[in-house]
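Using the supplied hints, reconstruct the complex from the two chains, each of which is provided in its own coordinate frame.
So the protein lines, in turn, are chains A and B.
Here the first sequence is numbered in this note's numbering, starting from 1 and rising by one per residue.
Here the second sequence is numbered in this note's numbering, starting from 177 and rising by one per residue.
Everything labelled a hint here was simulated from the structure, so no lab data went into it.
Do not take every clue at face value.
[To be verified] List of simulated lysine-lysine pairs, BS3-like, C-alpha gap at most 27 Å: (1) A:Lys78 / B:Lys521; (2) A:Lys78 / B:Lys262; (3) B:Lys320 / B:Lys366; (4) B:Lys366 / A:Lys78; (5) A:Lys78 / B:Lys320.
[Unchecked claim] Partial pick of chain B residues on the chain A-facing surface, computed with a CB cut under 7 Å: (6) Tyr266; (7) Gly363; (8) Lys366; (9) Ile368; (10) Phe369; (11) Leu395; (12) Ile396; (13) Pro501; (14) Arg525; (15) Pro534; (16) Met537; (17) Gln540; (18) Met543; (19) Glu544.
No experiment lies behind these values; they were computed from the predicted model shown.
Even glycine gets a Cβ: it sits at the ideal position worked out from N, Cα and C.
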Amino acid sequence: MNLEDLLLKAEVEAFLHLEADLLDSRRFDEWLALLADDLVYFMPQRRNVRYGLHAEAENTRQGEGISWFDEDRWTLTKRVEQIQTGLHYAEEPLSRTTHMVSNIMVTGQPVAGEVAVSCRFLVHQNRVQYETYTFIGRRHDILRRAASSPAGWLLARREIILDQNVLLAKNLTTFF
Amino acid sequence: MFSTDGLVDIDNGIVSRDIFVSPEVFQRELDTLFTRAWLFVGHESQVANPGDFFTSRMGEESVILCRDKAGAVHVFLNSCRHRGMKVCRYDEGSTTLFTCPYHNWAYGLDGRLMGVPQYKQLYEGVLDKADWPLVEVPKLARYKGTVWATWDPEAPDFETWLGDARQHLDEALDCRDGRPGGSEVIGVHKWIFPSNWKFAAENFLGDTYHNPSHRSVDLIGIGPSAAAGVKGRRDNEMAKATHVWISFPAGHGIHSAIAPLGDTYQESFKDNPEIEAYFRHCFEERQRRKGEDARLIPFVGTIFPNTSYHGRQPRGLCVWHPHGPTETEAWRFFLVDADAPAAVKDFLRRYYMRYSGPAGMTEQDDMENWNYATAASRGAIARRHPFNYQQSITAASLDPEVLGYRVPGLVSTQVTEHMSLGFYRRWADHLEERSWDVLLGLGDTRFGSAAAS
Ligand code: FES
Ligand SMILES: [Fe+2]
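Just chain B, same shape as in the assembly (with noise of 0.2 Å):
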C-alpha cells in the first residue's frame, strides 16, 4: 500500500521536496486524490442556453460541460467510447450532437449514443447503443452558479465537502451588495507555468507571507485607486479589520479579516466617483443583507485540493490543473455580478487584467517564484533536505471568537503556514485511500468533538 511516510511529517510541520517533483507522487495524486475529490468545472453562465456547452478539465483530463435540450447541466468525459477521440475540441460554443471525428460515432447533449455509422450492417445485435454513453461523472453540483463534479459516486455532498469553508466561498460568489451567487464569468485565461500544482494552491491557501514578493507593484501601485495616486496593488479594504487565517477538516484554508463592529465603508475606487458610488452603495446594501455576516470580507482561499479563489480585488476562481509533476496548467475565470452596470464592469476587467494571470503584474512574479522553486527543489542533494512549514503552527485555536464575532473553523490571528499542513493531511490521507470520514476531517483531533459530530 502507498505511504505518505516520509513525505509529510505534520506534526513536526516538514514536508519533503518530492511532493513537488516526483513522477511517483504526481500519478498517484492523479490515481487517487483527482479521482476523488470534489473539482471546479466552470460556471453556469458560460452554458447559459440549452445546446451550450464548454470544453473544461478535471485533473489532467478533458471534460465537457453542457446544458442539454431540457436545460440539465452535464459533465462528460472527453472521450469517445470507441477509441477514445476527444468528441469536443472546441473551447465553447453550442451544438445539437458531439460528433467523433474518428469514425463519427455521435453523441447527444445527454451524453447518450444516438449514432454509429453502418450500425446495421457492423454492429446490430451486438452493440447496444444504450450501454456506450459518453462517461459522465456520478456526482455533480451547481453551487451559487459554480459547477462542480467528483468521480467518485460515494463522495459526500458538496456543501458536506465544504464544510465552513464556505462562508468565506461565498463572499468571492455572491453579489457585491449581499444577495446571494448573481455572478457571471466574463473570460478564462488558460497558461501553462514550470511548476507543480501545490505550490500555487498552497499560496492561495493564505501564503500572506509572501507578501514582500510583489513590492514592486505595491511600490508603483497599480490597484483601483492607483491613478488618484494610492500605492499598492489593491485598496486596503481591511484596514481596520482582524486578519485570521483558516484551515477546515477536508483540507481547505482560508485568509479573510473580520471587520470591527461599526465598520464604515473604506474607499476603494478612487481612480472613478461612478465606480466608487457604486461600491459605496453596494457595501451599505451588504451590510442591510448580511447584517452581523458583512463583518466578514474575504481574502482568498483555496478549496481542496486544486480550486482557489481571490474574493475581492481582484475576484475570481482558478483551478491550478496537474499537467505533469513540474507543470502546470492554470485557468483563471474572472467574476462580476452578471447585472452590475457597464461601467463597473469594463473598470473591474481592466484593473483584472493589469493584476492577474501571466500578463498580470501581480501574478507575474508568483510564477517566477513557483517556477524556480520547482527547479531548484529537483537535485538529488536539494531532495535530501525537505521544507520548513512551521511558521505559526502553535498559535491557532478552534471556533474563537475574533473581535466578537465567532469564526468557525482552527483559526490563527497571525500569519502562519497552518492551513498547507491542514491540506497536506487530507493530502496524505487520499494518497493513502482512506475512507470519506477520514478524508473530511472527522477523525482530525485538531478540530475536537466539533468535526466529529
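So here's chain A without its partners, still in its complex pose (with noise of 0.2 Å):
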C-alpha cells in the first residue's frame, strides 16, 4: 500500500465516521446533504439456497421486485421529512442508535472520482424503553469525490448486506 492509498482510505474512513456521527446524533439533514442527486440505496432480503446457487439467488436483487429499500434520495428526504413531521409513530419518540462500521477497505482503483469501499456495519437500535434491535451485515459503497460536499465526497451507491432471512425486527426505521 502507497502513501496515496493510505491518504484515499483515510478520507474514506472519515467519510465513513462522519456519516455514522450525522445519524447517531440525529442531524438527518446534514447527513442527506451527503447522498448524491443519483443515489441508489439498496438492502436486498436474504434467502436461504442451496450451495452453489448463492450468487444466483441468494439476494434478491436491485432494480427488480422487492427488497427491504431500493430506492432514491427522493425517498429517503421524505424519510427524514416524516420523521421531522415529530408524528411519526414508529420514531416518536426517537430512537437511539448507534452506529458502527469496520474492516474498512477500499476495493478497487478509484475511476472517474469514484471509489468503491466495503465494510462491516453493526447498528444498535433501543426504542423507547426495552425494546433493541441489533443490525449486522455489510455494506458495499461507491463514494463521489464531489467539490459540492461538505465532506468532499457524496454517497453515490449504497447496498447493504444484512445477516438475516426473516427480518427480526418489527421496523427498519432506521438509516444504513
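Pasting the structure below:
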C-alpha cells in the first residue's frame, strides 16, 4: 500500500465515520447533504438457497422485484421529513442508535472520481424503554469525489447486506 | 369443553384483553382454528414449473407448496415422517426430491416416500413406503392464481368459505383492466413483530378509524402522485365514492367503496405520464368488462382468519402467521399484473416498498401501535379491563343498495367496528369447535334467512 492509498483510505474512513456520527446525532439533514442526487440505496432480502446458488439466488436484486430498500435520494428525504413531522410514531419518540463501521476496505482503484468501499456495520437501536434491535452485516458503497459536498465526497451507491432472512425486527426505521 | 364466555361479549361490543396475550387462548387457536380454517399458502406464480417449490406456513407450522412432475400443485407438512426433521430448509427453488437431512429418507414432489437408506436390510417386510408419504393437506384450492389449503377434510369448498367476500377479494386478484386473475407475486416480505396476530387481522377488516396514526405520511405525501406534489399516502380514487364496511357470515370483513353511476377516471399516478396513461386505459377497459360491477372499488379486507389484502394502492396479500401469543410473523406477498409493462411494474414495486412492510413509511406506524397495544395489555390490572368495540355497531344493514348498487353482506356506510365483532363471532365458534354450518355463519341471525339458504 503506497502513501496515496493510505491517504485515500483515511479519507474514506473519515467520511464513513462522519456519516455514522451524523445519523447517531439525529442530524438527518446534514446526512442527506452527503447523498448524491442519483443515489441508489439498496438493501436486499436474503434467501436460504442450495449450495452453489448463492451468487445467483441468495439476494434479491437491485432494480427488480421487492427488497427491504431499493430507493433513491427522494425517498430517503421523505423518510427524514416523516421523522421531522414529530408524528411518525415508529420514531416518535426517537430511537437511540449507534452505527459502527469496521473492516473498511477500498476495493478498487478510483475511477472517474469514484471509489468502491466495503465495510461491516453494526447498528444498535434502542427504542422507548425495552426494545432493542441489532443489525449486523456488510455494506458495499460507492463514494464520489464532489466539491459540492461539505465532506468532499458524496455517497453514490449503497448496498446493505443484512445478515437476516426473516427480518428479526418489527421495523426498519433507521438509516444504514 | 372450552368456552369463550368471558372472552368475547359480542352483543355488548366487549372483548377481553386475554385473547391478545393468553398462552391458553393462543394454543386453543392453533389446535382448533388454524387446523380447520382455509389458509392462504402462496401463489401459483411462485411454483410456475414442475419441480418448483416455495416453503410457506400454515399457522405455526412449516409447509411446502410445490408443483409435481405432472404439473399438480401440492401442499405438504414440512416434517419428515421418521423423526420430524424439516425436509426442506430452502425458501424457494426447484428440485426433484425432498431429501431429509437427518437419515436421508427421500420424498418425491408428489409426497411419496421414494427412498429409505438400507431399506432391504433394515425395513424389508415391515415398513410399507406407501403408508409414509409426506403429510398432505386434505383440501387445496387454486383461486385466480392464489393457493389456499385447510387441514380439515370436512371443510366446505373454498368459494363457499369466501361467500360474498369473494367479489371484494377478486378486486385484489383480477387484472387492473378487469380480466379475471392474471396476477403474479414479485416478492415476499417476511418479518416478526411483537404483537398478537389478531391486531393485524382486525386492522385490515376495515379499521379506518386508525387513520390519524398515519398523519405523518399524509402530511409529507408518499403516494403515486407525491413527487407531483400530491399529499397523502395514496391517491384518492374513492374521492366521489361512498365507502362501505361489510361483515360476512364466515367472519370475513372488508372496506370497499361504491363509485357513483357514470364515475370517471380519477388521476392516480401523476408522477409519471406513461403510468397515468396506462392506468387510465385500465380504468376504461375495466368499466367495459365489468360494467355495473366496476363501480366496486377495493380498499382492504381480511379473509378470516389471517389473510388480509390491499386492493389497489398498494396491492398485495398479507398473512399474519401466529408465532406466539404476543408475536406474529408477517408475510406480505406483493402483486402486479403479470403482463403489465416493465415500466409499470417498476413504478409499482417502488411505491409498494416505501408504503408497506417493516421499511414502509405507512406500515411502520401500524406495527408500533400493535406492539405497544399488546405490551400494555399484559398486566394483571390491564386484563381486568376489556376493550371497547361499540363503534357504529348498530348502524349496519343487510344487503342494502348503495347509490343504487346492491351490496351483499351486513353493510355500514359509516366507520364502524362491526366487522371485528363479526370476526370474533366466528373466532369463538372455531375455538368452541362448532359444526361447519355454524362456522359458515348459517345460523347467524344478523344475516336473517339469507344466510340460512
Ligand atoms: S428424520 Fe428424516 S430420515 Fe430420519
Ligand atoms: Fe394502518
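Cross-check of the supplied hints:
As the CA atoms of Lys78 (chain A) and Lys521 (chain B) are separated by approximately 22 Å, the hinted pair is consistent with the 27 Å bound. Between Lys78 (chain A) and Lys262 (chain B), the direct Cα distance comes to roughly 42 Å. Violation of the 27 Å bound is thereby established for this hinted pair. For the hint pairing Lys320 (chain B) with Lys366 (chain B), the CA-to-CA distance comes to about 23 Å; that is within 27 Å, so the pair holds. With a C-alpha separation of about 24 Å, the suggested pairing of Lys366 (chain B) with Lys78 (chain A) holds against the 27 Å cut-off.
For the proposed pair Lys78 (chain A) and Lys320 (chain B), the alpha carbon gap of about 36 Å is over 27 Å, so the pair is violated. Because the beta carbon of Tyr266 (chain B) sits about 5 Å from the nearest beta carbon in chain A, less than 7 Å, this interface hint is met. Of the supplied interface hints, the one on Gly363 (chain B) holds, with its beta-carbon coming within about 2 Å of a beta-carbon of chain A, less than 7 Å. Here the hint on Lys366 (chain B) is kept, as its CB sits about 4 Å from the closest CB of chain A, short of 7 Å.
Hint status for Ile368 (chain B): holds, given a least beta-carbon distance of 6 Å to chain A, under 7 Å. For the restraint placing Phe369 (chain B) at the interface with chain A, the shortest Cβ-Cβ distance is roughly 4 Å, inside the 7 Å limit, so the hint holds. The interface hint given for Leu395 (chain B) holds, since its Cβ lies 5 Å from the closest Cβ of chain A, which is under the 7 Å cut-off. A hinted interface residue such as Ile396 (chain B) counts as satisfied when its beta carbon comes closer than 7 Å to some beta carbon of chain A; here the least separation is about 4 Å, so the hint holds.
With a cut of 7 Å, the hint placing Pro501 (chain B) at the interface with chain A is violated, because the nearest CB-to-CB distance is about 16 Å. The interface hint given for Arg525 (chain B) holds, since its Cβ lies 6 Å from the closest Cβ of chain A, which is under the 7 Å cut-off. Interface restraint check: Pro534 (chain B) against chain A, minimum CB-CB distance 5 Å, threshold 7 Å, status holds. This hint holds: Met537 (chain B) has a C-beta 6 Å from the nearest C-beta of chain A, less than the 7 Å allowed.
Taken as an interface hint, Gln540 (chain B) checks out: its beta carbon lies about 4 Å from the nearest beta carbon of chain A, inside 7 Å. Restraint check, Met543 (chain B) versus chain A: the minimum CB separation of about 5 Å is within 7 Å; hint holds. Hint status for Glu544 (chain B) relative to chain A: holds, with the closest Cβ pair at about 4 Å, below 7 Å.
In this structure, the earlier hints numbered 2, 5, 13 are contradicted, and the remaining ones agree with it.
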